[in-house]
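S.K.: Residue numbers (the working numbering), protein chains in the order written: chain A, 5 to 263; chain B, 3 to 685.
Some clues are possibly wrong.
[What the hints assert, rightly or not] A partial selection of chain B residues facing chain A, derived with a Cβ cut-off under 10 Å:
id	residue
1	Asn85
2	Ser109
3	Trp132
4	Ser163
5	Thr207
6	Leu208
7	Thr284
8	Gly377
9	Asp381
10	Asp382
11	Gly415
12	Gly417
13	Gly566
Hint data in this document are derived by calculation from the structure and do not stem from the laboratory.
The model shown is predicted, which means the values in this text are computed figures rather than measured ones.
All residues carry an ideal CB built from backbone N, CA and C; glycine is no exception.
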Amino acid sequence: MAKKIFNKLKMDGEAKKSIIINPRLKLMGDVTSKSLKFGSKVGLMDEVKKTDGLTLTQSKNLKIGKSLHMNTFSGTSTAAKTLKKYPEQEVIKTPEVIDVPHHIQLRMKVRNGVVTIVGARKVDGGFVKETNLHLNEGLVYEVTKGTKRLQFGVIPDFGVRRSFPNPNPKNEAEKGHSISVSHEIDFNVRVLPNDVSLASLKSLKVDLYRTKSAISSQLTNETLDKQFDVKLRKMASLQRIDIAKLPKTLQNSFQKALN
Amino acid sequence: MVTQILKSGPVGQKKNIAVLGDGFAEADQTDYNNKVNELLMDGVFGHDYFYEDKQAFNIFRVNLISNVSGVSQRRYDEKGTPNDSSDDTIISTTLKDTALGYIFSGSWAHCWLEGGTNTSTLVQNALNTWVPDYDLVLIILNESGFGGCGGGSFQIVTKASSWAVMAHEFGHGSAGLADEYCTNKTYSGGEPGSVNLTTNTNRSTLKWRKFVNPSTPIPTGVGACSNHNQGTKPAGWTRDHNVGLFEGGGTNNMGIYRPVENCRMKGNSPEFCPVCYTEFKTRMHPFTGRNFRNCYTGDFNGDGKDDLLVHNDNSIMIYRSNGSELDVVFSAVERVPGSWQFKPGDKFYIGDFNGDGKDEVVIYNSTNWNKEYLGYLVDDGNNGLKLRARYDNSMPGWQFHRNDNFYVADFDGNGKKDLFIFNGVDWSIPYLAMLKSTGTGFQIVKRYDKNLPGWNMTKKDQFFVGDFSGDGKEDLWVFNGDNWSIPYLGMLSSNNTSLTMRKRYDNVLPGWQMKKGDKYYVADFNGDGKKDLYVFNGLNWSIAYLGMLKSDGTNLSMVKRYDGNAPGWQMRKNDKHYVSDINNDGKEDLFVRNYPDWNREYLGTMRSNGTSLSCGWKEDWVGEWNLGGIDEFIACDFEGVGGKRDLIVHNTNWLGMIRATPNLSLRKIYYKWIHNYKHGRNW
């Protein structure tokens with residue numbers, strides 16, 4: 005935990021002298037109870053008729069709209085029914101706003117080293133935007149528009165298919181995985197609606213990097229390749245999204261998500 | 003059809019797991035649902051890391067109806083070389099009309115199963131249709147033979163698979179962990195990128211050095227897939243939690259090292275080792291959305307030690323105290339059985355409401371639903387909580403409203419904590435009710451409308467509880483410094499079902515001129531069984547004052563007043579106090595802290611001998627804890643020694659356990675998450 009420095013007094017080792025907090029105020033011993041009335045705003049508690057409970061001033065303070073009272077209570081003990089099964093608690097019928105009312109999810113696919121976009125949706129609620137890159141092994145993607153990073157994310161497991169170890173192994177190898185190559189990776193990119201539009205899709209760039217050595221660092225405003233240089237190796241890139249060249253269904257998805 | 007079976011939060015803020023089934027016909031859907039629960043919910047998410055961090059994940063179960071039961075089958079001729087698939091030939095294939103078209107082969111070298119002609123498209127279509135936000139995918143085949151194939155965020159398993167292997171696979175898929183098991187190969191490559199494998203045998207540069215005890219030899223195990231064989235294994239050594247450097251890992255016998263003898267990434271069954279666990283926690287922490295802002299203490303298992311309950315958004319976690327450390331014992335996301343659904347606006351009240359010697363939890367939510375809810379949660383018999391009673395919108399005699407305030411007090415002295423409720427804001431007149439605990443729920447025994455005996459209730463009445471009469475029934479104290487021309491303090495004694503005004507002080511207390519800014523702390527500072535009163539005012543006078551007013555059962559008398567400073571503590575405007583019993587002598591004391599008024603932050607103790615105080619303090623740091631303005635304190639007894647000599651200190655990312663005896667000292671500090679490493683820590 006970082007140490008802080010202030011330019012105020014330090015407490016003495018042994019408290020001897022009273023600290024004057026506010027010299028304009030009096031000491032407790034200097035006043036009589038009479039002088040302590042809070043001005044003219046309200047009366048004394050005993051001035052209130054017992055049946056009224058409140059002075060006009062208090063009533064005014066407490067009222068919310070029209071007269072609002074709880075239902076009569078007889079004063080006798082009544083036990084509330086304890087149910088065996090309770091219904092779902094009722095949700096307020098308004099969309100839950102966390103960071104943003106909604107965001108855009110882009111579904112990316114990497115097949116044989118080529119990055120393509122395979123889906124776009126508008127999704128309710130906000131999303132996690134990390135500020136630290138923590139990567140030991142695997143891939144990291146970065147989505148940029150010009151020099152601005154819109155999002156990044158880690159893809160920890162890629163490029164392989166692993167068979168589960170055999171519980172009754174016929175040989176030593178079957179105690180572990182059988183590894184084969186897989187050429188496909190899917191991942192989600194989540195961006196702010198203001199950061200992406202049909203018109204700006206052409207300036208959107210998705211880069212995919214393979215880590216060369218472990219990184220655990222706060223990100224700067226620089227793109228990943230500039231900040232981490234040789235620690236990352238670019239392995240694929242989607243330079244622009246040309247909506248006209250996308251399949252019709254995908255074009256429709258973009259229209260729906262971004263309009 | 004899709005059912006979200008773990009609802010942690012918006013899809014953009016969580017890792018989303020899609021679960022699909024193949025070969026489950028209409029009649030098999032219950033079997034499928036049960037298998038999802040067994041493998042994923044009770045299995046993977048019922049144990050160690052995943053149990054703790056459920057809040058980072060959403061789980062969506064998709065019920066796909068296959069036209070037939072069971073999946074397609076394929077048999078290979080492995081030519082006597084089961085490890086080598088390249089020479090295998092297909093003996094037979096029996097296709098079935100299933101939702102995803104998977105074919106089970108039962109051949110390890112063929113990943114046990116494979117997709118059919120259209121499987122990739124069918125899976126993609128199902129995901130796009132039902133769980134377009136998926137990050138991880140689990141596919142369960144209706145096949146009783148063993149098998150499972152993982153990679154690239156997918157896991158396809160049969161019904162005979164085990165959750166432990168699936169958890170291992172999630173280690174690859176969500177944390178990028180490497181295998182730690184050995185086969186008969188020797189590694190000859192460079193330093194691997196994986197966090198849990200290395201070729202480096204230099205202690206000072208070892209990537210997991212922070213978890214290695216200096217007394218542990220490096221390397222710790224030498225030779226083919228070794229365990230601890232360098233020197234004597236110390237007492238208390240555990241195979242999965244003591245970190246060293248062990249030869250063998252990454253499917254190799256030699257030439258590469260792993261962090262522990264046996265981790266889930268090696269043997270499937272053990273828990274994740276500290277290195278793997280920390281990797282998970284580091285990666286997933288942003289997706290849990292957790293912090294330490296909402297903390298509550300209570301002895302939830304009745305062992306005398308106060309435990310910790312942390313509330314975050316729609317989850318709670320309970321950490322058990324062993325006297326000096328905390329350990330996770332309960333993790334609930336979205337709801338507990340019963341059911342109570344957690345929300346950010348939940349307000350928690352802790353107390354032993356059923357007199358069983360364990361604390362229960364009352365939760366009130368008046369902000370997140372379309373009506374108000376009061377829930378009563380009790381021990382579920384398994385270190386967790388379940389709902390015992392819930393009151394929706396109202397209960398007989400009381401209609402809940404937004405600004406209802408609750409006070410925990412055993413007002414009938416039967417050993418079961420009860421509740422006072424006050425609302426001075428939401429109605430035309432103020433209301434106060436006494437909610438008696440029946441042990442299984444609550445019932446109102448008395449409601450006061452507008453007036454309490456001898457007291458006109460108003461909006462800004464401040465209530466405190468404490469048995470000033472010493473009859474075992476907790477009484478009600480009320481102060482109002484805002485709504486009248488003069489301040490008032492009332493002492494209302496409880497007689498089980500009603501209140502009686504024993505004494506009202508108008509404007510002055512004995513030796514004390516009441517003011518608007520008075521802060522009252524009910525505490526038995528002389529240990530006579532009658533709650534007394536500390537009163538502090540740092541706002542309304544030119545110096546700060548602290549008074550000790552003793553209760554004789556019906557009246558207060560000033561025992562001691564400190565003007566400006568107390569012995570060993572210079573009082574200032576922003577002193578904040580917490581009632582405690584630091585030396586467990588039955589005379590309640592105060593913790594005091596001040597951060598805005600000095601150039602350093604201070605935490606102090608004010609110990610009562612019954613008639614006066616003696617103080618001590620720490621400046622700026624308590625051990626490794628850097629005192630700060632954002633810190634919140636809870637006085638408690640996590641040591642279980644009696645009294646209340648401990649403090650839980652917490653802010654967004656840090657949580658500390660401070661004890662005051664013999665001096666203020668830090669017992670434990672946690673960053674971002676609570677975990678006790680055998681050696682080292684996560685920062």
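S.K.: Now tell me if each hint is right for this structure.
M.R.: Quick rundown of the hints versus the structure:
no.: 1; hint: Asn85; in the structure: holds (5 Å)
no.: 2; hint: Ser109; in the structure: holds (8 Å)
no.: 3; hint: Trp132; in the structure: violated (13 Å)
no.: 4; hint: Ser163; in the structure: holds (7 Å)
no.: 5; hint: Thr207; in the structure: violated (12 Å)
no.: 6; hint: Leu208; in the structure: violated (13 Å)
no.: 7; hint: Thr284; in the structure: holds (5 Å)
no.: 8; hint: Gly377; in the structure: holds (9 Å)
no.: 9; hint: Asp381; in the structure: violated (17 Å)
no.: 10; hint: Asp382; in the structure: violated (16 Å)
no.: 11; hint: Gly415; in the structure: violated (17 Å)
no.: 12; hint: Gly417; in the structure: violated (19 Å)
no.: 13; hint: Gly566; in the structure: holds (2 Å)
Hints 3, 5, 6, 9, 10, 11 and 12, counting from the list given before, are not met by this structure.
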